[in-house]
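Chains A and B are the protein sequences, given in the same order.
Going from the first sequence to the numbering used here is simple: count from 1 and add 33.
Going from the second sequence to the numbering used here is simple: count from 1 and add 4.
Don't read these hints as lab results, they were simulated from the structure.
What you are looking at is a predicted structure, and each value in this text was computed from that prediction instead of being measured.
By construction, the Cβ of each residue, glycine as well, lies at the ideal position given by its N, Cα and C atoms.
One or more of the hints may lead you astray.
[What the hints assert, rightly or not] A short list of chain B residues far from chain A (calculated; beta carbon distances all over 12 Å):
| # | residue |
| --- | --- |
| 1 | ALA130 |
| 2 | VAL141 |
| 3 | ALA148 |
| 4 | GLY316 |
| 5 | GLY397 |
| 6 | TRP426 |
| 7 | LEU463 |
| 8 | ARG482 |
[What the hints assert, rightly or not] Quick look at which bits of chain B chain A covers, simulated, 3 or more residues with Cβ under 8 Å:
| # | stretch |
| --- | --- |
| 9 | 269-281 |
| 10 | 286-296 |
| 11 | 345-356 |
| 12 | 360-368 |
| 13 | 430-439 |
| 14 | 531-538 |
[To be verified] Here are the simulated DSSO-like pairs of lysine-lysine, each with C-alpha atoms no more than 30 Å apart in a straight line:
| # | chain 1 | residue 1 | chain 2 | residue 2 |
| --- | --- | --- | --- | --- |
| 15 | B | LYS240 | B | LYS164 |
| 16 | B | LYS240 | B | LYS490 |
| 17 | B | LYS164 | A | LYS41 |
| 18 | A | LYS190 | A | LYS162 |
| 19 | A | LYS184 | A | LYS162 |
| 20 | A | LYS184 | A | LYS79 |
| 21 | B | LYS490 | B | LYS164 |
| 22 | B | LYS490 | A | LYS41 |
| 23 | A | LYS41 | B | LYS240 |
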Amino acid sequence: MRVDLYEKVWIALSLLMLLGFLGAISVSVFVHGISLPGAEQRIDPKTVVNEPPFATPGIRETGPGEYEVYLLSMVWSFVPNEIRVPAGARVTFHATSRDVTHGFTIHGTNLNLMLIPGLVATGTATFNKPGEYLFICHEYCGLAHQTMAGKVIVEEKS
Amino acid sequence: MFAREDRLVRWHLLIAFIALAVGGLFGPLQALNRMGISLYPVLGISYYQGLTLHGVLVALVWTTFFICGFLIFVTVRSLNRSLVSLGAAWIAFWVMLVGVVAAGYAILTNQASVLYTFYPPLRAHASFYIGLTLVVVGTWILSAGLFVTYRRWRGQNPGKATPLMAFGVLVTFILWDLATLGVAAEMLFQLIPWSLGWLGGIDALLARTLFWYFGHPLVYFWLLPVYVSWYTMLPKQAGGRLFSDPMARLAFLLLLVFSVPVGLHHQFADPGIGHGWKALHTILTFSVAFPSLLTAFNVIASLEIGGRARGGAGLFGWVVRLPWGEPSFAAQALAMLLFAFGGVGGFINASYNLNLIVHNTAWVPGHLHLTVGSAVTLTFAGVAYWLVPLLTGRQLWHRGLALAQVYLWFFGMALFSFGMHWAGVLGQPRRTDMATAVYRLAEWSVPDLFTGVGGTILLLSLILLVVNVAMTAFFAARGAVVEMPKAEPAGGAEAAPWIFERWSVWLAVTAVLIVIGYGPVLFELVRTTTAGSPPFRVW
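Construct the entire structure; sequences and hints are all you get.
Here it is, written out as structure tokens:
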């Protein structure tokens with residue numbers, strides 16, 4: 034099969050571009066530590082609210098400047114929907130849904146999770162600048178989906 | 005010639021354009037809604053019911069009916085033989101139509117406001133799932149008829165290369181049949197029995213995974229018929245020839261091989277799927293971009309042949325000489341231009357890391373409207389401008405309005421998708437009733453203006469398209485003399501390698517990649533499945 038010279042050049046450049054993209058992604062994962070949710074244990078979405086830790090969702094301090102949040106989503110709210118941390122806090126979110134599929138994203142961060150009933154999604158964000166960070170449900174979850182939101186309030190270090 | 009098949013094609017196009025007209029009208033309402041103007045109280049429906057209508061009618065019904073009709077038309081002419089069973093093809097059509105009516109009933113009565121991805125445990129009325137399943141079953145019946153027609157042709161033409169048009173049709177339907185196995189499994193083993201109350205719970209993650217096994221190759225089912233037109237027809241319409249016939253075949257085959265095991269890039273943000281599988285699907289999604297890069301070179305080189313034959317000189321002089329005043333050509337060339345930006349965005353969506361920024365934001369529908377809303381829909385409009393006159397014997401009703409429609413779509417979509425991509429990067433969620441959202445950030449207001457204005461221009465373009473097609477089909481002057489454009493290869497009848505005709509080899513390679521990409525993932529999900537979720541109706 035005859036392939037035109039220009040086309041060979043095009044093919045080479047295309048493959049180089051694709052490899053370049055994959056290289057850049059590898060750097061972001063292995064050097065900068067970008068991570069996605071991974072394999073998780075299944076839980077029972079019908080009983081998740083009765084058992085710890087989601088029976089008492091909320092924030093707890095796990096170390097200096099380190100926090101974890103157990104976040105429960107439901108039609109059409111987050112519990113808790115207001116989270117206070119000091120500037121510089123590194124917060125690990127464990128979130129799930131007690132009913133339909135929801136989403137969770139915090140404005141101004143890279144945190145972006147699907148909250149699927151039967152699974153706990155985990156992600157981490159660091160809040161350096163004081164201020165209010167909006168978080169919203171970004172997956173359609175019914176008639177009032179657009180009212181499902183909350184905020185992380187980052188306070189000046191005292 | 006083929007009058008009996010053409011009657012069936014006309015019926016497919018009729019349903020397709022009705023779906024586009026009705027479903028398309030809801031699109032601009034959504035664009036205005038992002039600007040803060042909500043017309044839904046006037047209509048007495050919710051944003052989400054309208055959004056479900058838009059998604060199902062435009063993304064599923066318009067595309068599927070147009071594609072089935074167009075590919076029947078192409079197959080019989082390309083192989084120069086009638087369908088082996090016209091009756092079976094009519095049955096396929098009626099099964100699909102009954103399916104659309106059943107699903108449409110559920111949506112119109114607000115019993116299925118679950119959007120076109122229908123993620124459980126949102127539960128629609130069973131007729132929604134059964135109806136959509138019937139649409140798929142209908143396409144299976146049609147594809148079986150087309151495969152048998154091809155086998156007959158092959159039997160009588162041993163050793164002959166498959167005509168390129170038919171080659172594209174075969175790849176399209178093989179791909180479709182493999183892809184729909186995922187959604188069929190979701191429907192038959194999960195959604196239908198669960199919606200009828202036979203199953204107490206549903207595994208939401210497994211259902212999503214089966215959906216996206218289907219959902220991403222679905223976009224190649226939309227795109228491949230477009231490539232059939234771009235490779236085998238458009239070069240002729242530009243006054244040129246196809247630059248390389250064998251490289252076109254290679255692109256089709258690579259699309260077949262790589263297009264299924266890529267769906268996990270829609271689930272990067274999902275818990276419950278391992279990092280390694282997500283990374284593998286990133287690599288495979290980048291691989292499936294490669295045949296589209298081949299297509300860009302081959303089709304543009306073909307257009308260059310046309311532009312130079314029309315007297316264009318210099319590095320870019322040929323571009324100016326292309327028939328930009330012909331609605332059918334302009335539609336497809338502009339569709340290509342928008343698709344280039346869609347491709348760039350696609351790389352970002354498929355990137356393991358960058359996806360975090362855009363997942364479930366307005367960026368995603370912005371991207372989808374450059375692909376299915378432009379590359380596909382604008383190309384199909386361009387095809388309709390010669391196909392409808394050919395099928396009805398009536399002249400195109402208004403050439404000037406057709407041209408206006410094409411350029412309005414281009415500019416409207418450019419504005420709309422720019423606004424949506426921009427708002428998405430700024431974190432605005434997709435498919436959300438933004439006019440009544442409790443959060444509306446000031447930084448979204450300028451992008452929303454682009455979205456709303458673009459959507460309004462698209463409404464005008466849609467009306468021009470539907471009116472022109474309807475007038476052409478039913479009222480315009482008779483006596484149209486139209487032929488199907490058929491591009492000859494520039495290299496003459498240059499033979500492609502024999503392996504390109506060995507379907508069993510390509511099917512085997514495709515199956516192996518699917519098993520590698522999805523086998524362990526699905527096995528693990530089925531192995532760990534639990535009683536799952538009860539149904540919810542929250543709209």
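### Query
Was B/ALA148 rightly flagged as not at the interface, with every chain A Cβ beyond 12 Å?
holds, 32 Å
### Task
Below or equal to 30 Å on CA atoms is what counts here, so check B/LYS164 against A/LYS41.
holds, 27 Å
#### Entry: Assertion that B/GLY316 lies outside the chain A interface [Cβ separation over 12 Å]
holds, 18 Å
### Task
Taking the shortest Cβ-to-Cβ distance between B/GLY397 and chain A, state whether it exceeds 12 Å.
B/GLY397 is indeed farther than 12 Å from all Cβ atoms of chain A, at 41 Å.
### Query
Does the stretch 269-281 of chain B contain three or more residues whose Cβ lies closer than 8 Å to a Cβ of chain A?
holds (count 9)
### Task
Count residues of the stretch 430-439 of chain B with a Cβ under 8 Å from any Cβ of chain A, then say if the count reaches three.
Since 7 is at least three, the answer is holds.
### Query
CA of A/LYS184 to CA of A/LYS79, is that 30 Å or under?
Judged against 30 Å, a Cα distance of about 27 Å means the pair holds.
#### Entry: Hint consistency between B/LYS240 and B/LYS490 [alpha-carbon to alpha-carbon, up to 30 Å]
It holds: about 6 Å lies between the C-alpha atoms, which stays within 30 Å.
### Task
Take a quick look at whether B/LYS490 and B/LYS164 sit within 30 Å of each other, Cα to Cα.
Roughly 19 Å between the alpha carbons, so the hint for B/LYS490 and B/LYS164 holds.
### Cβ separation check - B/VAL141 to all of chain A, threshold 12 Å
Check passes; 27 Å lies beyond 12 Å.
### Task
Quick one: see if chain A covers the stretch 360-368 of chain B, three-plus residues with Cβ-Cβ under 8 Å.
With 5 residues closer than 8 Å to chain A, the stretch 360-368 of chain B meets the three-residue bar; holds.
### Restraint check for A/LYS190 with A/LYS162, where alpha carbons must lie at most 30 Å apart
Judged against 30 Å, a Cα distance of about 10 Å means the pair holds.
The structure fails none of the hints (numbered hints given earlier).
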